Amino acid sequence: MSDTNGLLRIGSLTRAFGGLVAVNNVSFAVNEGEIFGLIGPNGAGKTTLFNLVTGLTPPTSGELYFKGRNITGSRPHQIAKLGMGRTFQNIRLFPNLTALENVMVAQHIHTRSGVLSGVLGLPRDRREEREAREKAQGLLEMVNLADRAQVQARNFPYGDQRRLEIARALALQPKLLLLDEPAAGMNPNEKAGLSTFIREVKEKFSLTVLLIEHHVPTVMGLCDRIAVLNFGQLIALGNPAEVQSNPAVIEAYLGDES
Amino acid sequence: MLAQQLANGLAIGSVYAIFALGYTLIFSILGIINFAHGAIFTLGAYFTYTLMGLQFGFNGLLAQQKLPFGLPFWVALLVGAVIAGLFGVFLERIIFRPLRARGADPLLTLVASLGLAVAIVNIIQYLVGAETYSYPSGAALPGAPASVNFGTTEAPVIIRTAQLIIIAVAVLILIVLTFFINRTKTGRALRAVSEDATTSSLLGINTNQLIRLTFFLSGFVGGVAGTLVGLNVGITGPYLGISFGLKGLAVIVLGGLGSIPGAVVGGLLIGIVEALVPASLVSYRDALAFAILFIVLLVRPQGLLGRPLIQKV
Amino acid sequence: MNDFINTYGFLIISLVLQAILALSMYLPLMAGQLSLATPGFYAIGGYVAAILSVRTFLPASGTTFPEPLQSFVLWLGTVFPATPQGQAFPVSLLLVEMLIAGVLCGLLAIIVGLPALRLRGIYLALATIAFVEIVRVVSLNLPITGGSIGIFGIPQPYPTKFEFAWIAVPFLVIVALFVYRLERVRVGRALVSLREDELAAAAMGINPTYHKVLAFTLGAVIAGACGALSAHFINTWNARQGTFDASILILAYVIIGGSRTWLGPIVGAFLLTALPEVLRGAADVQGIPTFLAQFLKDGRLIIFGLLIAFSTLFFPQGLITPNLFKRRGGSEGER
Chain A
1 MSDTNGLLRI GSLTRAFGGL VAVNNVSFAV NEGEIFGLIG PNGAGKTTLF NLVTGLTPPT
61 SGELYFKGRN ITGSRPHQIA KLGMGRTFQN IRLFPNLTAL ENVMVAQHIH TRSGVLSGVL
121 GLPRDRREER EAREKAQGLL EMVNLADRAQ VQARNFPYGD QRRLEIARAL ALQPKLLLLD
181 EPAAGMNPNE KAGLSTFIRE VKEKFSLTVL LIEHHVPTVM GLCDRIAVLN FGQLIALGNP
241 AEVQSNPAVI EAYLGDES
Chain B
1 MLAQQLANGL AIGSVYAIFA LGYTLIFSIL GIINFAHGAI FTLGAYFTYT LMGLQFGFNG
61 LLAQQKLPFG LPFWVALLVG AVIAGLFGVF LERIIFRPLR ARGADPLLTL VASLGLAVAI
121 VNIIQYLVGA ETYSYPSGAA LPGAPASVNF GTTEAPVIIR TAQLIIIAVA VLILIVLTFF
181 INRTKTGRAL RAVSEDATTS SLLGINTNQL IRLTFFLSGF VGGVAGTLVG LNVGITGPYL
241 GISFGLKGLA VIVLGGLGSI PGAVVGGLLI GIVEALVPAS LVSYRDALAF AILFIVLLVR
301 PQGLLGRPLI QKV
Chain C
1 MNDFINTYGF LIISLVLQAI LALSMYLPLM AGQLSLATPG FYAIGGYVAA ILSVRTFLPA
61 SGTTFPEPLQ SFVLWLGTVF PATPQGQAFP VSLLLVEMLI AGVLCGLLAI IVGLPALRLR
121 GIYLALATIA FVEIVRVVSL NLPITGGSIG IFGIPQPYPT KFEFAWIAVP FLVIVALFVY
181 RLERVRVGRA LVSLREDELA AAAMGINPTY HKVLAFTLGA VIAGACGALS AHFINTWNAR
241 QGTFDASILI LAYVIIGGSR TWLGPIVGAF LLTALPEVLR GAADVQGIPT FLAQFLKDGR
301 LIIFGLLIAF STLFFPQGLI TPNLFKRRGG SEGER
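Residue numbers (the numbering used here), protein chains in the order written: chain A, 1 to 258; chain B, 1 to 313; chain C, 1 to 335.
It is worth saying that the hints were derived from the structure and are not from the lab. There could be a bad hint or two in this list.
Selected chain B positions facing chain C (in silico; Cβ < 10 Å) [said to hold, decoys possible]:
no., residue
1, 115
2, 253
3, 273
4, 277
5, 285
6, 287
7, 290
A quick note: this is a predicted structure, and the numbers were derived from the prediction, not measured. All C-beta atoms in this analysis are idealised placements derived from N, C-alpha and C, irrespective of residue type, glycine included.
Produce the complete structure using the sequences and hints provided.
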């Protein structure tokens, strides 16, 4: 591969659960500044790949490089700290925390207040707390949830929870943003707005985006490059036009539907 | 000497085993630890005492009372264990089922079972006081000698008859239970539920009925274990089951939470290891089970025979 | 007023001490960790105070320890001199004992917590039960802890029990303020995020192990210092202090009071500690039937146990929930 200097490089990554090989010898690289799509039929191993990349699941074999650093076997919080933020397919907000608190938690690595100084409320800690709050409020504004900053996350409708999760991931100030099916559960209107939103966010925060999406028109219109997984294996990689005309991809999708 | 200690260990270990079975049965079905199990164990010992028509002491509401009839030991043991089992079903009905219906946090269920344990222990104390009771000597096998020498006169291996009875009853229960679980339709359904509750309810297995059955079995074996300990060392008061309840935790963790063979292996192992503690360290013996518990949790939390713990992402 | 204090002084201080213990167990729970280790640290803290103030660390006459232990023990003997008959134990030394107990328990908590907190849910609870039992059996057997008899005649800093309020009340206030503030700042939010969803928290850069051990250690420090104070308050210390029963009780305070806000454990501890006394008091009320009076007196622990069991059904969130405080938009949506 020519793009070995990508922001995220996945090398021969494999993960087996018992007899089931969920991700099988997958290699590709995500370049800085691109929007990279990961597609494939249900059960193709997309979410497992996300969990491998973010350290939630340890790989059976293979290697992971992020910003040129070997992150194979690193723990999730270490990887997050390097600048990788993510959302979850089945939404994992902190349900009993308010929207604002959800976003503030993700600022943890960029703040320093300790137990004692925080509890005592020393001037520096107060300032930091106030700044974190303002920043969080700003992110909520960006996803149009600012007016409900004090509402507990579990009381938000589904689509709003997805947006809140993106705001939370952005609070990490990541280099790479991983979105697991961001359009799931959104109505067609919201879906249409999503592509614009992702592009805006990407520009504003100079991000690289890796996303899983089922909604093919969204992916094709949004992504610079696409990787296709089927039964845990990488079957195609390229720009939307190339992938769309790839016979293996057509077979995988048609085979899935029949 | 060693043979004798092994026999002691086997006797106490087999009580641990059947006691722990009660814990593990409920854990395997519901994923909760029922701390009231130790209290049911104590109840079993008292039920047998009552049913034998024996008189209570000077304290409590039932001071000096006794039943107008007296059952022979074995019948009392059986009936007492059945009542203990029904009591378990009763607890399931009034607390555990409502909690389950509300989808309560396992933590709440734990606290509820602890509350029940406190209540039961104190009900016993309120009714019959904190005195020590014991079954009349020779109650189990009239005319049998107090102990049997399995060695020679030069190298005696003396085993008390009570210990032999305990081992025999424990083995019998294990055989019947194993047969029930592996060979009967209900038993297999029980196993299916313990392996995957959702799938089994999809397969049309009546989960509620099975849970009731589990609580009955758990209470039954708990009651038998209580009576056996009462036979061996006497009923030392309403708190009889507390130390057993705690050691039972070590047993099921060692064997593997939710594993039925694990409870048996764990019980025997801990019983034997305890019996082998040298006399000079005997006062530390009670800490041994917990040291084992702690180490097993750190090194191999799924226990000897449990399935590995898989964290779902 | 004096009558009231004479009758209820002991109870009032007990309420305060139990509330401190409840907050000690609440801290790990804040990070989603069910630890029942509080009574173990409480027991150790009490032994620290008892050993230092009764001076059981001194070698029996005639025996000497190898150096440098001997010098250390003799030095310790000068720091904690014998309290002459009829004189009050210096409050400053009591505070030093609380500090030492807290630090020791904190260090022990790190050693125990680092491996144990890899365990989740019921497994962690079991490991901490094992810890409490091991502490109990070991203290039953060591000479320095007085074996099965324990240590008695622990010197008193105050002539009456009620005056312990001078230390107990500020202690509770400090601990409560600490937890109250913690819930509102960066580290506290990190703890709560672990309770809410550990994986999501880790994916947001929160180090789960560090924060779990932190919460566990803070709880241990508080329990240890509370034990040191309790040892003087109770006057004797033995292996019956800090047992599994205590674990249950303290857990009940937290769950019944409410495990999602700092006030819950305090209210739970107050209610459940006062309840047996209230029932005993109710038995003395004129005109109630004898059998009921008898039951209230002797069977009050039955009522206590049943209340714990059934409150899980009727108050699954505990009596005090965060929503009682903030009546802000949307949070009433459930129910």
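So, going through the hints one by one against the coordinates:
Interface hint status for residue 115 of chain B: upheld, as the beta-carbon distance to the closest one in chain C is roughly 3 Å, under 10 Å. The beta carbon of residue 253 of chain B is positioned within 10 Å of a beta carbon in chain C (closest approach about 6 Å), and the interface hint is therefore held. Evaluation of the residue 273 of chain B hint against chain C yields a violated restraint, the C-beta minimum of about 15 Å exceeding 10 Å. Violation of the interface hint for residue 277 of chain B is found here, the shortest Cβ-Cβ separation to chain C being roughly 12 Å, above the 10 Å cut-off.
Here the hint on residue 285 of chain B is kept, as its CB sits about 8 Å from the closest CB of chain C, short of 10 Å. Interface hint at residue 287 of chain B: satisfied, since its Cβ lies 4 Å from the closest Cβ of chain C, which is below the 10 Å cut-off. The criterion of a C-beta within 10 Å of any C-beta in chain C is met by residue 290 of chain B, whose closest approach is roughly 4 Å, and the hint holds.
When the structure is compared with the earlier hints, violations turn up for hints 3 and 4 and for no others.
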